[in-house]
Every structure is written in C-alpha cells, then in structure tokens.
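Visitor: Sequence:
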Amino acid sequence: MAKVQVTKVTVLDNPSSFLNPFQFEITFESIEDLQDDLEWKIIYVGSAESKDHDQVLDSVLVGPIKAGQLMFVFKADAPDPSLIPQGDILGVTVVLLTCSYLGSEFVRVGYYLNNEYLDPDMRENPPATVNLQEIQRNILTSNPRVTRFKICWDDDQAAKGSASACATTCAASMATDDAPVVVSDEQLMDQS
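In the numbering used here, the protein residues as written are 32 to 223.
Any given hint might turn out to be false.
Simulated restraints on C-beta separations [said to hold, decoys possible]: (1) 156 with 100: 48 to 54 Å; (2) 159 with 95: 26 to 32 Å; (3) 66 with 117: 27 to 33 Å; (4) 82 with 155: 30 to 36 Å; (5) 60 with 108: 27 to 33 Å; (6) 79 with 172: 17 to 23 Å; (7) 60 with 162: 42 to 48 Å; (8) 80 with 186: 54 to 60 Å; (9) 158 with 104: 19 to 25 Å; (10) 153 with 39: 34 to 40 Å; (11) 152 with 103: 18 to 24 Å; (12) 54 with 152: 26 to 32 Å.
Simulated from the structure, these hints should not be mistaken for laboratory data. Don't be surprised by glycine CBs; every beta carbon is placed ideally from N, CA and C.
Construct the entire structure; sequences and hints are all you get.
Guide: Right, here's the structure in full:
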C-alpha cells in the first residue's frame with residue numbers, strides 16, 4: 032500500500048509564455064511519518080521521437096515527511112530551447128511531475144501541453160526561425176494522467192533487511208503477481 036497519495040495538483044500561471052517558469056501547487060497526504068525525503072521532479076518531454084531530448088527542469092527533496100496533508104509550490108525554469116529539435120518546439124508535448132522515495136518512483140502525473148503562436152497570422156505562416164517570445168504554453172489541466180507504481184516503503188525495507196533486498200523482493204513479486212507494475216491510472220481531483 033502506498034504511504035503517500037497525491038490528492039491535488041493545481042497548475043499556476045497557465046496559460047503562460049513559453050519562456051516563463053512552470054509552477055505547480057502540489058498537495059499530498061502521507062499516512063505515516065517517513066524516514067527519508069521525497070524527491071519530486073518536473074520533466075519536459077522535448078520530442079516524442081527520443082528520450083534524449085527530455086529535460087529534468089528541476090528536482091527537489093521535500094522532507095521530513097510527517098503523517099498528514101502537506102502542500103508546496105514547485106517552480107522550475109522553462110526548458111532550454113536549444114536542447115529541443117526546432118520541429119518539436121511548436122505543437123503538443125508532455126510535462127511530467129514525478130515523485131520518488133528512496134530512489135523508486137511511485138507516482139507520475141502527466142499533462143499534455145500545447146505550444147503555439149498567439150498571433151493567428153504566425154500560426155498560419157510560422158517564421159522560418161522559431162520566435163520564442165511569441166509562443167504561448169498552455170498546459171491542458173482537464174485530463175492529467177496519473178500513474179502509480181508499487182514500491183517498497185520503510186516497513187517493507189525493515190522486514191527485508193535492506194533497500195536492495197526489498198527492491199529485489201518487490202521486483203520478484205511484481206513479476207510473479209497478476210498485478211502490473213502500473214497499479215492504477217486515474218484523474219486527480221480538482222484540477223483547477
């Protein structure tokens with residue numbers, strides 16, 4: 032059973048200029064105190080063709096985690112456009128929020144986003160060189176994709192004796208159980 036549940040994500044400053052920072056207000060609940068911090072990441076998918084263009088925009092450790100509901104605002108700079116193929120800057124892509132505990136990702140929240148020129152003439156006849164100052168980023172908040180992964184938590188590791196033994200046991204149980212690695216896909220409540 033997951034010790035941490037993401038209960039709400041609010042995308043702030045949306046829509047926004049392509050060059051503005053990403054901002055997410057994240058609310059989550061922990062059912063018990065955790066021994067270690069949670070690692071959160073914002074990942075921008077630069078191209079559907081290759082993971083080589085994905086950019087970790089920021090990573091932050093949040094802790095200590097006490098039982099109860101917690102909230103924080105996670106802000107990250109815009110992606111480096113020089114690392115995105117020119118043909119992939121405009122159009123639909125994905126931004127991911129991930130959370131890991133002891134190096135194991137247990138939840139991923141994915142949002143489609145659309146980068147387009149605000150000016151209708153530029154949309155119809157885009158310039159040969161992308162003009163980043165004229166691009167608007169719009170994160171589609173109405174239908175996030177939430178994927179949960181089964182991991183070993185503190186009590187699992189204590190029972191197994193170490194993190195590596197726990198990871199081996201969890202991986203073996205996932206390989207033999209009928210349950211898939213992805214535990215569930217669902218929408219978050221209240222995506223304002």
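Visitor: Would you mind marking each hint as holding or not holding in the structure?
Guide: Hints, verified against the model:
Checked against the given bound of 48 to 54 Å, the beta carbons of residue 156 and residue 100, roughly 50 Å apart, stay inside it. For the pair residue 159 and residue 95, the supplied restraint of 26 to 32 Å is violated, since their beta-carbon distance comes to about 52 Å. Against the hinted window of 27 to 33 Å, the Cβ-Cβ separation of residue 66 and residue 117 comes to about 46 Å, which falls outside the hint. The given range of 30 to 36 Å is respected by residue 82 and residue 155, whose C-beta atoms sit roughly 32 Å from each other.
For residue 60 and residue 108, the Cβ-Cβ distance of about 28 Å falls inside the hinted range of 27 to 33 Å, so the restraint holds. Look at residue 79 against residue 172: about 21 Å separates their beta carbons, and that is inside 17 to 23 Å. Roughly 43 Å separates the CB atoms of residue 60 and residue 162, a value that falls within the hinted 42 to 48 Å. Checked against the hint of 54 to 60 Å, the pair residue 80 and residue 186 fails, with Cβ atoms roughly 42 Å apart.
Between residue 158 and residue 104, the C-beta spacing of about 35 Å breaks the proposed range 19 to 25 Å. For the pair residue 153 and residue 39, the supplied restraint of 34 to 40 Å holds, since their beta-carbon distance comes to about 35 Å. In this structure the hint that residue 152 and residue 103 lie 18 to 24 Å apart at CB is violated, the actual value being about 41 Å. Separation of residue 54 from residue 152 is about 30 Å and conforms to the stated range, judged on CB atoms against 26 to 32 Å.
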